[in-house]
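K.L.:
These are the residues of each chain, in order.
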Amino acid sequence: MSLDPKSRARFNLSQTVVLLFDPQAAGLSILGEILRGLGARNILRCRTIEEAEKTVSESQIDLMIVDTVAESGAGFEFVRWLRKNTPQPNRHAPVLLTAAHTRSSDVSKTRDCGSHFLITKPLSPIVMLERIIWVAREGRPFLLSDNYIGPDRRFGKNDRPYHPRRRHDDPPEAATEEPASEPLGEGEAPIPFIDRPLERAS
Amino acid sequence: MSNVRFEFPKLRLAQQLKEAGGLAVADAVEAASANLAELRPACLTELQRATQEAQDCFNGFGKTYSEASLKALYAICARAVGVGAVCGAPQADGALVSLCDLVDRMMNLERCDREPIAVHIQTLQILAFRAAQGDDAAKAEDVLAGLRKVSARYLNPPPRAASA
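Residue numbers (my numbering), protein chains in the order written: chain B, 1 to 202; chain C, 1001 to 1164.
Zero decoy hints are in this set.
Derived EDC-like pairs (lysine to aspartate or glutamate); straight-line CA-CA distance at most 16 Å:
{"hint": "1", "chain 1": "B", "residue 1": "Lys6", "chain 2": "C", "residue 2": "Asp1027"}
{"hint": "2", "chain 1": "C", "residue 1": "Lys1071", "chain 2": "B", "residue 2": "Asp106"}
{"hint": "3", "chain 1": "C", "residue 1": "Lys1063", "chain 2": "C", "residue 2": "Asp1113"}
{"hint": "4", "chain 1": "B", "residue 1": "Lys84", "chain 2": "C", "residue 2": "Glu1007"}
Treat the hints as calculated values from the structure; they're not laboratory data.
Input sequences plus hints: build the corresponding full structure.
P.N.:
Given below as structure tokens:
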């Protein structure tokens, strides 16, 4: 499953409440501008864990994009707290982690904290959109055990999200050099694979 | 015995994405890219600031191994990853990640060799300077490959006698 950046398929994030957490002002701006470009209007920006926890306690969040905070691992702790200590529906909210770098000692935290997916920086709009659509797909069970609370980490082999494409793979001038797109026809379908259920791991 | 159970949540996000209206993928990606272009000056400033901070931090390194010093340098570099791509210097992100790898591996080995760090910071300075000049540093891939080789040496570390 890969999303063509020139696709005319439609998606709608205008009603989605998105929580962004990144302690770095520049990182938060980059994330915010990507989400704004993708059509999100309800963006809650947090620069501290305390702010993020307060926001989760007060609002129903549909999507969380959380920086791991490479030097402290605070993002992992936040996700762990979310899965363990918050009631539904926020406990089940899709969480995308963003990471500048993952220390070798933190690899297991990445796997075990309860997030849906890790995106490595630098971020690009198309990769962010692909991952958002991927985590929204129906059918992924949520697992609760003594040692792990979060989405089932087992995938069917056809459900692994595509090759890792990064920002510098997108030619920055390409969009402006393209001829204007055809106007969208009436009834243009939404992105088709949103509806495709996830394949259970065998 | 571990207590395991499954829940099957209905995600509001799944329904929202399919709502009428919204954006075409191509338009959304273009709009997001245009938004990022507006951040270019701020990200360039951030890259220059991080490069200077890394240099200052490195200048303060003592002659013996200090985990605190390496942690400080790691934090400076990790925080800046991602701004290079926005300000037209994606190779700077590559150099920062390579430096993070290097410092992480040095901490694992409890050693601190100055030259590999110095060459990373010098490269960052050049890349930040070239980004400020509007040079897209297209030929920096070879340099980046060299930096990655330097970092990779610390996966299978050289004998201590070879260190500075």
